[in-house]
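> Sequence:
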Amino acid sequence: MPGSLRQSVFGSKPIAALLVLTCCSPMSARSDPPPSAVPLPDRIQGANLRPVGDARRGYGTRTARATLERLRGMGVNTIGVLMEGRMKNVGDPNVRSPSERDLEAVRQMLKDANQLGFATILVPHLYLDDGSWRGDIRFEGDDDTRARWWRSYARFLLTAADVASSSGTTALSIGVELKGLSPEVETRRVMQELANQIRSRFAGLLLYSANWDEAEQVAFWSVVDVAGVNGYYPLVPDPVRGAEMSPTASSGCLGSPSVRCSWWRSVIDRARCLTKDLGSGPKTSSPSWTKRPRPTRGPRCSRTGFARTGCAVSCFGWFRRIPTIRRPSRGTGSIR
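In this note's numbering, each residue's number is its place in the sequence shown (first place is 1) plus 648.
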């Protein structure tokens with residue numbers, strides 16, 4: 649009979665086994681549609697969570713998710729996740745992307761944050777094995793090495809774009825503190841081409857994360873949607889630490905503020921100045937803080953938000969213990 653013939657040729661059990669294998673395969677799981685991105689809030693209170701190199705409590709673990717839940721309870725609404733690329737030194741033309749295992753951990757961290765209602769920012773970050781700073785990458789007079797580096801860096805960022813696209817990420821940084829390259833006209837051309845490739849894979853916002861003394865010289869702000877500024881400012885001025893600790897010492901439209909102008913006002917004014925210079929281009933992101941020994945001169949976190957200036961404040965660092973934060977008042981604050 650035709651029915652028995654079909655059964656003998658195909659076999660009902662092999663078909664069932666094939667269906668089970670198909671449903672359980674990783675490829676099938678990856679084909680699920682990514683979650684919808686959570687929009688950036690009007691007033692950002694953010695925290696950057698760094699990988700800790702520990703599979704028990706790093707990205708994608710229950711410990712990391714518990715950290716997210718505690719941050720949400722503190723009022724944090726935006727999470728930054730780092731994706732580390734590695735170079736040997738400033739002359740190395742090869743950017744080493746994370747392993748597949750690490751990429752999956754980054755993806756899971758972004759998904760966990762998204763599921764908990766956070767807006768998410770993926771920050772592909774370059775670290776140099778010899779301890780050099782990424783802002784010193786230049787390749788002056790070596791066009792061949794520079795071209796090789798840009799190709800390698802593009803592969804790194806396109807990998808990040810795929811991770812961001814598959815995890816419902818809100819925004820993606822296309823660079824961090826590349827001070828030695830960012831002022832150049834050629835860099836603007838390359839970044840424009842790279843941004844076009846990224847936008848073909850990732851539908852969210854693009855930003856660039858400039859160093860605190862680099863922002864006014866970046867040649868490609870028009871390429872991105874958000875202008876980010878990494879400034880590790882204290883909550884009170886420190887006359888010993890130099891320009892980064894005393895933004896009033898920097899050149900530019902800020903100039904010399906009135907003696908009546910608070911130190912904090914000068915930080916905000918510089919951000920407003922950059923926003924004005926950018927005109928109708930990208931919005932300005934925030935000054936930020938990092939974990940340091942003295943809370944008022946280098947706090948782990950500040951919950952202050954500059955809603956009126958279009959700025960926001962992020963906190964940096966992976967907390968082993970979530971600190972208790974006393975809200976800053978008149979430019980001071982403490983953490984315990």
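Don't read these hints as lab results, they were simulated from the structure. Don't be surprised by glycine CBs; every beta carbon is placed ideally from N, CA and C. Mixed in with the good hints, there may be bad ones.
[Unchecked claim] The following label-pair restraints were derived from C-beta to C-beta distances:
#1 690 with 747: 18 to 24 Å
#2 847 with 791: 23 to 29 Å
#3 779 with 756: 36 to 42 Å
#4 752 with 847: 38 to 44 Å
#5 689 with 778: 18 to 24 Å
#6 721 with 687: 34 to 40 Å
#7 780 with 747: 37 to 43 Å
#8 689 with 742: 24 to 30 Å
#9 748 with 777: 17 to 23 Å
[Unchecked claim] Cut-off 25 Å, straight-line C-alpha distance, at most; resulting in silico cross-link-like pairs (SDA-like, lysine to any residue):
#10 827 with 774
#11 759 with 874
#12 736 with 747
#13 827 with 740
#14 759 with 847
#15 736 with 874
#16 827 with 696
#17 827 with 841
#18 759 with 779
#19 827 with 759
#20 759 with 744
#21 759 with 736
#22 759 with 797
#23 827 with 734
#24 736 with 713
#25 827 with 781
#26 759 with 781
#27 759 with 802
#28 759 with 703
#29 759 with 713
#30 827 with 814
#31 759 with 828
> Now tell me if each hint is right for this structure.
These are the hints, each one checked on the structure:
1. 690 with 747: 18 to 24 Å: violated (37 Å)
2. 847 with 791: 23 to 29 Å: holds (27 Å)
3. 779 with 756: 36 to 42 Å: violated (30 Å)
4. 752 with 847: 38 to 44 Å: Once the Cβ atoms are compared, 24 Å apart, the range 38 to 44 Å for residue 847 and residue 752 is violated.
5. 689 with 778: 18 to 24 Å: violated (39 Å)
6. 721 with 687: 34 to 40 Å: violated (21 Å)
7. 780 with 747: 37 to 43 Å: Because 23 Å falls outside the window, the suggested range is violated.
8. 689 with 742: 24 to 30 Å: violated (38 Å)
9. 748 with 777: 17 to 23 Å: holds (21 Å)
10. 827 with 774: holds (13 Å)
11. 759 with 874: Holds. Residue 759 to residue 874 sits at ~22 Å (cutoff 25 Å).
12. 736 with 747: The given pair, whose Cα atoms are some 17 Å apart, holds under the 25 Å limit.
13. 827 with 740: holds (17 Å)
14. 759 with 847: holds (20 Å)
15. 736 with 874: The given pair, whose Cα atoms are some 30 Å apart, is violated under the 25 Å limit.
16. 827 with 696: holds (21 Å)
17. 827 with 841: Status holds; Cα separation ~19 Å.
18. 759 with 779: violated (31 Å)
19. 827 with 759: violated (31 Å)
20. 759 with 744: Between residue 759 and residue 744 the Cα gap is close to 24 Å, so the pair holds against 25 Å.
21. 759 with 736: Distance ~31 Å between residue 759 and residue 736 Cα, so the pair is violated.
22. 759 with 797: violated (30 Å)
23. 827 with 734: holds (17 Å)
24. 736 with 713: Not OK: residue 736 and residue 713 at ~32 Å, beyond 25 Å, violated.
25. 827 with 781: holds (10 Å)
26. 759 with 781: violated (30 Å)
27. 759 with 802: Judged against 25 Å, a Cα distance of about 24 Å means the pair holds.
28. 759 with 703: holds (17 Å)
29. 759 with 713: holds (10 Å)
30. 827 with 814: violated (30 Å)
31. 759 with 828: violated (34 Å)
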